[in-house]
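Chains as they are written, first to last, in this note's numbering: chain A, 55 to 357; chain B, 55 to 357; chain C, 55 to 357; chain D, 55 to 357.
None of these hints come from the bench; they were simulated from the model. Among the hints, a few may not be true.
[What the hints assert, rightly or not] In silico EDC-like cross-links for lysine to aspartate or glutamate, where the CA-CA straight-line distance does not exceed 16 Å:
#  : chain 1 : residue 1 : chain 2 : residue 2
1  : A       : Lys284    : D       : Glu347
2  : D       : Lys284    : B       : Asp190
3  : D       : Lys284    : A       : Glu347
4  : C       : Lys284    : A       : Asp186
5  : A       : Lys284    : C       : Asp190
6  : C       : Lys284    : A       : Asp190
7  : C       : Lys284    : B       : Asp190
8  : C       : Lys284    : A       : Glu183
9  : D       : Lys92     : D       : Asp69
10 : B       : Lys284    : D       : Asp190
11 : B       : Lys284    : D       : Asp186
12 : D       : Lys141    : D       : Asp130
13 : D       : Lys284    : B       : Glu183
14 : B       : Lys284    : D       : Asp130
15 : B       : Lys284    : C       : Glu347
16 : A       : Lys117    : A       : Asp99
17 : D       : Lys284    : B       : Asp186
18 : A       : Lys284    : C       : Asp186
19 : A       : Lys284    : C       : Glu347
[Stated by the list, open to error] To give a feel for the contact side, a few chain A residues facing chain B, derived at Cβ under 8 Å:
#  : residue
20 : Arg59
21 : Trp98
22 : Asp99
23 : Thr182
24 : Asp270
Ideal placement from N, C-alpha and C gives every residue a C-beta, glycine not left out.
Number of protein chains: 4
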Amino acid sequence: MGVMRLGFVEVRVTDLDAAVSHYEGSLGLEVTGRAEGKVFLKGWDEWDHHSVVLQPGGVGLVKMAFKVESDQDLEDFEKRIAAWGLKVSRVHRGEDFAVGEGISTELPSGHVVQLYREMETLGVGTGTENPDPWPDGQRGMAVPRLDHVLVTAEDPHLFSRFFTEVLDFHISERVVPQAGSDQILGAWLFRTNTPHDVAVIPGPNGKLHHFAFYLDNWYEVLRAGDIMAKTGIPVDVGPTRHGITRGQTIYFFDPSGNRNEVFSGGYITYPDFPCITWTADQLGKGIFYIQRELNDRFTTVLT
Amino acid sequence: MGVMRLGFVEVRVTDLDAAVSHYEGSLGLEVTGRAEGKVFLKGWDEWDHHSVVLQPGGVGLVKMAFKVESDQDLEDFEKRIAAWGLKVSRVHRGEDFAVGEGISTELPSGHVVQLYREMETLGVGTGTENPDPWPDGQRGMAVPRLDHVLVTAEDPHLFSRFFTEVLDFHISERVVPQAGSDQILGAWLFRTNTPHDVAVIPGPNGKLHHFAFYLDNWYEVLRAGDIMAKTGIPVDVGPTRHGITRGQTIYFFDPSGNRNEVFSGGYITYPDFPCITWTADQLGKGIFYIQRELNDRFTTVLT
Amino acid sequence: MGVMRLGFVEVRVTDLDAAVSHYEGSLGLEVTGRAEGKVFLKGWDEWDHHSVVLQPGGVGLVKMAFKVESDQDLEDFEKRIAAWGLKVSRVHRGEDFAVGEGISTELPSGHVVQLYREMETLGVGTGTENPDPWPDGQRGMAVPRLDHVLVTAEDPHLFSRFFTEVLDFHISERVVPQAGSDQILGAWLFRTNTPHDVAVIPGPNGKLHHFAFYLDNWYEVLRAGDIMAKTGIPVDVGPTRHGITRGQTIYFFDPSGNRNEVFSGGYITYPDFPCITWTADQLGKGIFYIQRELNDRFTTVLT
Amino acid sequence: MGVMRLGFVEVRVTDLDAAVSHYEGSLGLEVTGRAEGKVFLKGWDEWDHHSVVLQPGGVGLVKMAFKVESDQDLEDFEKRIAAWGLKVSRVHRGEDFAVGEGISTELPSGHVVQLYREMETLGVGTGTENPDPWPDGQRGMAVPRLDHVLVTAEDPHLFSRFFTEVLDFHISERVVPQAGSDQILGAWLFRTNTPHDVAVIPGPNGKLHHFAFYLDNWYEVLRAGDIMAKTGIPVDVGPTRHGITRGQTIYFFDPSGNRNEVFSGGYITYPDFPCITWTADQLGKGIFYIQRELNDRFTTVLT
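Please construct the entire structure, taking both the sequences and the accompanying hints into account.
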């Protein structure tokens with residue numbers, strides 16, 4: 055019961071055609087629908103209708119939407135969000151293309167969080183009867199699924215409190231000013247077994263740092279980097295390893311300047327996972343483990 | 055709330071010293087305690103006191119133990135097990151070395167399932183402050199953690215019903231006699247995000263097919279195979295890919311003849327994961343995807 | 055100066071269309087020509103016109119052809135072959151499609167060896183100006199090139215003597231009956247830096263054991279195995295590691311029953327490479343390092 | 055006949071103990087001797103006495119030494135070097151620790167090139183009788199062998215001419231000012247089957263850019279990067295892919311500031327390899343394929 059996963063991100067793009075070419079052609083997502091001027095896409099290993107929504111006009115995150123397990127969850131969270139002091143509204147079936155009944159709230163950080171229980175189902179690329187491990191006809195990086203989203207907030211501590219206190223997330227890793235401090239400068243938050251579904255670092259309210267797609271292994275990360283070079287995608291950082299999550303990564307940009315990530319590896323978490331603490335002086339190693347330093351872009355380029 | 059994971063397996067071994075040499079020296083687990091004639095071990099990425107218990111005398115599975123999230127879970131499951139018609143007993147703190155209060159039941163298949171909420175904590179090999187991604191001084195295959203257990207039952211359908219109806223597991227994959235049938239000949243069951251925590255195939259009651267340790271990737275599976283050759287460990291099948299779970303695998307045997315597995319990869323699951331169905335005629339491909347046939351050992355060598 | 059590499063293998067196939075479908079569609083070679091009833095193919099990273107020639111009618115190896123560096127080499131080898139006691143004949147430009155002047159001989163084992171200096175050039179799939187590391191539009195296993203050929207001979211020692219004494223090959227690894235013996239039961243022979251260009255094991259004269267295509271890494275070997283399962287290619291053994299060469303491998307069969315291999319890894323050799331010796335009792339480990347045993351097919355299925 | 059390989063590099067280091075700690079402890083070379091104030095090291099898969107010589111005092115390359123196949127080669131190259139207009143001197147057996155008779159010359163670029171035919175042999179870490187694919191007790195990155203050296207020269211064209219005209223090297227890749235030009239700004243030179251044994255880019259005479267050690271695959275490159283982070287080794291660039299050679303790489307620095315590389319992958323070459331040409335405007339992609347840009351350090355930090 056509760057939140058199952060980051061279901062979809064809705065992002066603004068300055069040029070919809072260029073964005074579709076990027077997400078469909080280079081990342082290899084499938085366009086599953088066009089409606090209300092938006093384009094809906096999913097990875098080959100996702101069964102729901104979409105995990106990415108592209109909306110023309112500007113850049114940045116319109117909303118992050120989490121799928122919950124039951125209608126009861128929606129009712130419970132509606133009350134808990136209100137009890138936590140935030141305005142919460144219903145998103146009725148039909149308001150969001152292919153998405154069922156849900157609720158929506160704006161966090162103190164200005165980010166919009168939507169919860170929903172139901173989405174039209176399309177099925178995975180390999181089918182569910184005697185399936186092969188991967189489908190024929192893959193395109194580009196052939197990312198199987200959305201993995202997580204990282205945003206900035208003026209008060210990351212408060213942001214993480216919403217997810218732990220209201221949505222029952224757990225913190226896998228956190229950044230504190232120095233050893234012994236409990237002041238959260240950054241937090242990586244998970245619901246069940248992944249290193250993170252959502253994360254937050256300090257920065258302006260309402261901004262998107264990146265959203266990430268999963269890849270199976272380090273060789274696929276290399277291949278993704280090759281495809282970025284072949285297709286002229288601007289690379290931010292990587293391939294490299296994160297200290298935080300242990301994952302392997304490349305950060306890169308979509309044609310509108312929104313940061314994407316391909317991400318592989320990482321440990322498994324559970325509710326009793328012993329929270330990892332990074333002191334701010336070691337954050338370079340935490341973010342880019344091999345290089346041990348942040349570039350300027352990492353903290354300044356946001357959408 | 056509910057079951058978090060397969061916490062530990064307790065297995066019988068004919069020669070305790072040889073078994074310790076195998077699990078500690080070749081698999082790379084750490085011996086964390088010896089008590090009541092038993093040896094307790096954990097992987098370097100596990101924080102609880104143990105995930106494997108070796109008990110001298112014979113072969114096979116003494117019990118599989120699942121860790122739950124809260125004391126309330128224990129009370130709830132105690133009632134639900136009884137309501138499902140099974141005898142359930144308390145395992146009091148102190149009865150099991152390093153394990154807190156729990157409950158125990160014997161399934162119709164003769165397998166003993168224990169649930170517990172608390173275990174003494176030792177911490178992971180990399181620590182929780184500014185950690186490296188892996189610890190120095192790794193031994194052998196350096197398996198980070200226990201992954202799952204597979205058993206046989208005369209009535210696999212009933213076995214899987216216990217886990218779905220009582221313990222709130224979900225079925226990721228199942229084997230049916232032919233397309234359209236709902237009779238479960240085999241089931242792979244998960245609680246949260248992994249392909250399986252426990253699985254069942256047809257066979258004698260009470261028997262163990264194998265228990266598996268996770269490895270990060272296909273190169274580590276190769277390296278594990280190299281170590282099996284170097285140290286004379288009998289290999290059953292692999293390296294290869296499973297159709298079921300998509301994981302990469304080697305099956306091999308401990309010195310007593312209990313089957314082990316190293317397992318990497320596999321997809322992510324959620325409660326709304328669309329259950330995959332294998333028809334019995336394709337089971338060879340389901341188990342060993344590349345070879346597409348079972349060897350005799352797979353179905354006959356059990357402990 | 056001297057032999058540069060195994061240039062091409064010419065093999066008989068019972069069904070030419072099925073063979074083309076296999077080598078072009080599943081292995082991913084490119085059909086570069088059809089002439090004299092034969093089909094010519096090359097890998098994407100080969101610049102010469104072909105590395106595989108398919109000839110309808112039967113199974114097995116018609117000839118193995120090595121490319122030499124200079125016309126002088128042809129003249130020298132012509133004399134050295136004759137001096138070694140074998141008949142040698144000229145293969146004139148135009149006799150072999152797309153191949154220049156050459157010489158041919160039949161070894162005591164009945165295998166035909168051709169040497170040539172020139173072949174029509176088509177260029178590699180990535181081009182030679184500011185190239186990408188791999189071409190777009192890859193098919194199937196996308197093997198970049200032919201790697202080596204393994205044959206059987208009643209007198210493997212004599213076979214290897216031809217290659218070392220006449221063609222200036224070196225032995226990377228050899229099998230002897232027992233420690234201390236110099237009787238060669240099997241030999242892996244190289245000219246410059248690879249583990250082997252040609253190899254021989256005991257068996258009937260004139261037979262082909264397999265010819266192999268290179269893959270970049272162990273993940274590509276897994277992917278090749280997946281494609282074998284998807285397209286119904288019969289797998290002989292693997293994925294696994296060879297003790298001999300250290301390479302990673304899958305043996306499989308073309309539709310006519312000729313054995314193919316995909317091969318990755320392996321060490322680098324030089325003329326001063328210290329020859330490795332396997333005693334016959336360890337040959338199982340030498341061939342299939344992880345399993346440490348040969349299956350019957352390995353020594354009995356030949357074409 | 056001719057040059058077989060880059061046999062060893064002799065480099066100056068400011069702190070010999072720190073250097074030994076780096077090359078032995080972190081890269082995993084074996085110290086095979088100490089003499090004349092120098093330290094000699096080899097990789098586990100090298101059979102000759104050493105491939106790296108550390109000499110206290112300063113930084114940079116003392117000499118690069120190539121092993122030839124025969125004494126006749128030494129005599130021939132002695133004449134050819136002189137005929138090309140360079141002074142050539144004998145290095146008598148015993149002058150260089152563990153090295154046999156040789157010749158030495160100083161190139162117009164100021165680099166010292168030594169050729170030798172013989173070196174004391176120690177054997178590889180896995181032995182030559184029924185060997186395992188890798189030895190037990192590996193340390194750090196466990197690099198198996200030296201791979202290549204890259205230097206700078208004011209006249210790279212002349213540098214490459216020495217290697218092709220006198221030592222019979224071939225050019226795998228070259229950089230030219232623009233398409234159609236034959237002026238070599240940079241050259242990657244090989245003798246037999248590797249992408250390069252030695253390479254040159256524009257820069258001051260006599261300087262070392264880096265020398266490189268081979269790793270088996272992209273996962274080992276990641277692991278090497280992890281070890282750099284664990285042991286505090288300064289990383290220059292990587293992990294990433296080279297466009298030139300297609301290899302995978304990390305550049306990093308030894309404690310004296312000499313640049314090292316770990317390198318895996320890359321294509322196979324032959325004397326008829328079709329030379330690849332990079333135009334200067336694409337050199338960023340040629341060097342760091344994924345990022346497509348050089349950092350300042352790459353061209354300015356030399357020793």
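Taking the hints in turn, this is what the structure says about them:
1. A:Lys284 x D:Glu347: Measuring from Cα to Cα gives roughly 14 Å; hence the hint holds.
2. D:Lys284 x B:Asp190: holds, 9 Å
3. D:Lys284 x A:Glu347: holds, 14 Å
4. C:Lys284 x A:Asp186: Satisfied, since the Cα-Cα distance of roughly 7 Å is no more than 16 Å.
5. A:Lys284 x C:Asp190: Roughly 9 Å between the alpha carbons, so the hint for Lys284 of chain A and Asp190 of chain C holds.
6. C:Lys284 x A:Asp190: holds, 9 Å
7. C:Lys284 x B:Asp190: Given pair Lys284 of chain C, Asp190 of chain B is violated - Cα atoms ~41 Å apart, limit 16 Å.
8. C:Lys284 x A:Glu183: With a Cα-Cα distance of about 14 Å, the restraint between Lys284 of chain C and Glu183 of chain A holds, given a limit of 16 Å.
9. D:Lys92 x D:Asp69: holds, 12 Å
10. B:Lys284 x D:Asp190: holds, 9 Å
11. B:Lys284 x D:Asp186: holds, 7 Å
12. D:Lys141 x D:Asp130: holds, 14 Å
13. D:Lys284 x B:Glu183: holds, 14 Å
14. B:Lys284 x D:Asp130: violated, 46 Å
15. B:Lys284 x C:Glu347: With Cα atoms ~14 Å apart, Lys284 of chain B and Glu347 of chain C stay inside 16 Å; holds.
16. A:Lys117 x A:Asp99: violated, 22 Å
17. D:Lys284 x B:Asp186: holds, 7 Å
18. A:Lys284 x C:Asp186: OK: Lys284 of chain A and Asp186 of chain C at ~7 Å, within 16 Å.
19. A:Lys284 x C:Glu347: violated, 44 Å
20. Arg59: holds, 6 Å
21. Trp98: violated, 11 Å
22. Asp99: Result: holds, 6 Å to nearest chain B Cβ.
23. Thr182: holds, 5 Å
24. Asp270: Given a least distance of 6 Å, the restraint on Asp270 of chain A holds.
The structure fails hints 7, 14, 16, 19, 21 (numbered hints given earlier, in ascending order).
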